[in-house]
Each structure stands twice: as structure tokens, then as C-alpha cells.
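Peer 1: Chains A and B are the protein sequences, given in the same order. Here the first sequence is numbered in this note's numbering, starting from 1 and rising by one per residue. Here the second sequence is numbered in this note's numbering, starting from 1001 and rising by one per residue.
Simulated from the structure, these hints should not be mistaken for lab results. Keep in mind the model is a prediction, meaning the values are calculated, not measured. One or more hints might be untrue.
Claimed, not checked - Capping the alpha-carbon separation at 16 Å, the derived lysine to aspartate or glutamate pairs in EDC-like fashion look like this: (1) A:K211 to A:E172; (2) B:K1023 to B:D1053; (3) A:K211 to A:E175; (4) A:K295 to A:D45; (5) B:K1003 to A:D137; (6) A:K141 to B:D1047; (7) B:K1023 to B:D1047; (8) A:K100 to A:E292; (9) B:K1003 to B:D1053; (10) A:K141 to A:E234; (11) B:K1066 to B:D1010; (12) A:K235 to A:E138; (13) A:K100 to B:D1050; (14) A:K235 to A:D137; (15) A:K100 to B:D1053; (16) A:K100 to B:D1047; (17) A:K141 to B:D1020; (18) A:K141 to B:D1050; (19) A:K141 to A:D236; (20) A:K25 to A:D81; (21) A:K141 to B:D1022; (22) A:K209 to A:E182; (23) B:K1003 to B:D1020; (24) A:K263 to A:D236.
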Amino acid sequence: MAEKEFWRWPEYRHTTPGINWREGKVISAGVDIGSVSSKTAIMVDGEMFAQSAMRTGSSSPDSAERTMNWALEDTGMTLKDIHYIVGTGYGRVNVPFAHKAITEIACHARGANYVWGPTVRTVLDMGGQDCKAIRCDERGKVQNFLMNDKCAAGTGRGMEVFADLLSVPIEEVGELSFTVDEEPPPVSSTCVVFAKSEAVGMLRSGWSKEKVLAAYCRAMAHRVVDLLNRVGVEKDFVITGGIAKNIGIVQRIEKELGIKALKPDKWRSDPRFDPMLAGAMGAALFAKALYERSKGQG
Amino acid sequence: MMKANYGYADGSGQYYITLDTDKCDGCGDCVRACPASVLEIVPNEFDIIDGGDIMSVREEHRKKLKYSCAPCKPTTGGGEPPCVTACPHGAITHFLSSAKGQVM
Ligand code: SF4
Ligand code: SF4
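For reference, chain A alone in the conformation it holds in the complex (with noise of 0.2 Å):
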């Protein structure tokens, strides 16, 4: 078993420099537990302090303590520190020292509003195991979704078993999908078994590795953009999710859409802004209101 896992992302933590978190009024957090995922954001007064992104285990209690003990990690503050707990996602009901369980589609709105500002009125979060298109209003309040929830194609899930299909590192399927001389017609599979078994097919009948991940990433554009066609897409547009770190797909919808993604790279220049704990950080956010209300209504 010394075989690369070439599906594996990074899991990480990170503190925010400079702020102290005895002096905060308002201590509150944000758990997501996903199907390929687990997320936690820890906020001081509204603002991103610490967060961590690891893969979610078998049980979802367990993630749930593990990525919310390797946030606390060095920070001096312990669970115990913290207000007010919101769990999100697909295991929100299994967050053990949660107070509150919110579905994720409200969280992904209101943390691109945190990420992007007011002005963001459409998200597209793409998940570990689904999609969802999300119309938001200036306080990030949901006012439409969809879900794609039917198959696995299109999602993290899916991008998982091509990176691991063709051994190439996960992070690098956006940028090494471009290095084709045309770009080749989508997959016709929207199934990802099928679109596996379609990939083996062309490797096999000569075409490069690059060639059947452009091939792929283009087939999952096409699919979130008849997703958000469904929704309507108004501007600003923005992607949130683990994939929205994917090059190659977030310039291929774009380009299928005719529209632009609000500032893609945000996260590069501050990991506070990590598209993937956009769930968390709205989680937080809503951990924050709750508290708050709980506090002045005695």
C-alpha cells in the first residue's frame, strides 16, 4: 500500500495573526460536516480567528471533534471558550457540542457574503457529494436553490476518482487539463461510473491523460451550468466548495456561462477566505446571531 493516493487535498489549519481572543465579546463557530470534508471556523466577534479543513472519517461525531480540536489547536482556547456552536452540512445532526443544526445552503450563502460582500447574489457550491445553485440577496439571506443531488458526477467526489483514474495530484487536474492543444468534447457520461469506465476507454485508445481530464472537467462545467441556468444566474457570481479551487473547472464555467466568477483566487493571498469553509464560516456567522439574540432576550 505504498501506492500514492493521488486523490488526496491537503488538509490544513491556520490561525489569523494579530487578534486576541480573551478580549472578544462574541466566541462562536461553525462545524461542517460533508461527505468528503469536515470544516471548522471559529470566529471572534464576526471575525475568521482559526480553521481547519480535514477529510471527514467514518463516523461523523468523530470528524466533527477531530477538525473542531485541530482548529483549537495552539490558540489557548478551548471548546469550552466558545459561545455558541452551529453545525452545518450533510452531518449537521451529528455534531455533538453543537447548540443549533442549519442546513448548509443557508450557511453557504451567508459565507459567501461574509467572503465576497454584499454584492454576491449567486453561488454555486460544489460539494464532496453534490451541487447546489443558491440565490442570495444583499444580506446573504437564500432566496432560491436547487440541488443536483442525483449522482456523484460533478462533485468532489467524482473529481477524486479521476485524479486517482489517471494518478495525477488532485490540485493539479485544473492546470494540467489546459495543456491540450484543443480542447476535446465533453464526456458523455453524467454518471460518474460510467464516465470512469468512458475514461479507461479513451486512455486506451491513445488519447493523453490531459486530454480526458479537459475532457472531464468540461463535461462537470456543462452540468452545474444547466444547474444554474435553472436558478438564473444574476451578478456577482461566486463559487464555493472544494472544487472552486479548480482552475479547470471554474474557467470552464465561466466560459459556458458567459459570466465571470467573483475574484476565484481570493484564498490565495488569505486562507481566511477558503472557498471550502465558506459552510463553516456561515455556520459561525448564524452561531453568532443566536447567540446574540439568546443573550438579549435574557
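Given the coordinates of chain A, assemble chain B with the ligands onto it according to the supplied hints.
Peer 2: Positioned in the frame of chain A, the structure of chain B with the ligands alone reads:
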């Protein structure tokens, strides 16, 4: 206005149940009218601060509405299904269509 769309589109058509969450007061009439236990009343997670309860499509039915809602025949011109007629506030809309090309 906030619309929650549950369902999917695939090669055979589109299958969506749409709820206008602002109109829904969580009375549960639709849940009682549904012969297939597709619907449920849950806390309004979209407006957690003062949203109250609303109707939702049960998670296990979201990927198979074509089959779950088959008893009501909304895709074959059976008229408005029980959930839609039961709602006193007109909060539910169905976009269930086995023909391609119907625009939401
Ligand atoms: S169409 Fe029939 S089965 Fe489907 S939700 Fe409405 S009442 Fe229930
Ligand atoms: S009948 Fe209408 S108002 Fe009552 S719970 Fe159902 S959707 Fe909401």
C-alpha cells in the same frame, strides 16, 4: 420571497416540488394530505432566527420524486395533487413533468 426547490432533472424529465417559504405557516395540512409520506414539517433553517416551522420534502424522497409522487399522477395530467390543493396559502407548486423542455 424565498423558494425552496426539492428534486432533480434527469434524462426522463424534471421532478421538482417548490415551496414558497414566506407563504408557508407550517400548518401541516399538506403533510396529512400526502398519501406517500413525502412531506414533513421541520424548523425553517433558512430563517433560523424567526422563521418558525415549514414544510420540507423528506430527504429520502428528494432523489426519487418521479416514483414517490407517482400515486398522484402529476406527470400524466392527473390535475393538481393533494398536497397542492390542501395548502390553504398556495405555498406549494409542482414542476413534475415527464416531458422534456418544460420551463420552470
Ligand atoms: S404529489 Fe402526491 S405524493 Fe407527491 S408530495 Fe404531493 S401529495 Fe405527496
Ligand atoms: S399546507 Fe401549505 S402552509 Fe401548511 S405546511 Fe403545507 S405548505 Fe405550509
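Peer 1: State for each hint whether it applies.
Peer 2: Cross-check of the supplied hints:
no.: 1; hint: A:K211 to A:E172; result: holds, 14 Å
no.: 2; hint: B:K1023 to B:D1053; result: holds, 12 Å
no.: 3; hint: A:K211 to A:E175; result: holds, 12 Å
no.: 4; hint: A:K295 to A:D45; result: holds, 14 Å
no.: 5; hint: B:K1003 to A:D137; result: holds, 13 Å
no.: 6; hint: A:K141 to B:D1047; result: holds, 8 Å
no.: 7; hint: B:K1023 to B:D1047; result: holds, 13 Å
no.: 8; hint: A:K100 to A:E292; result: holds, 14 Å
no.: 9; hint: B:K1003 to B:D1053; result: holds, 15 Å
no.: 10; hint: A:K141 to A:E234; result: holds, 15 Å
no.: 11; hint: B:K1066 to B:D1010; result: holds, 10 Å
no.: 12; hint: A:K235 to A:E138; result: holds, 11 Å
no.: 13; hint: A:K100 to B:D1050; result: holds, 14 Å
no.: 14; hint: A:K235 to A:D137; result: holds, 11 Å
no.: 15; hint: A:K100 to B:D1053; result: holds, 15 Å
no.: 16; hint: A:K100 to B:D1047; result: holds, 13 Å
no.: 17; hint: A:K141 to B:D1020; result: holds, 14 Å
no.: 18; hint: A:K141 to B:D1050; result: holds, 13 Å
no.: 19; hint: A:K141 to A:D236; result: holds, 15 Å
no.: 20; hint: A:K25 to A:D81; result: holds, 11 Å
no.: 21; hint: A:K141 to B:D1022; result: holds, 13 Å
no.: 22; hint: A:K209 to A:E182; result: holds, 14 Å
no.: 23; hint: B:K1003 to B:D1020; result: holds, 5 Å
no.: 24; hint: A:K263 to A:D236; result: holds, 10 Å
Every hint, counting from the list given before, is met by this structure.
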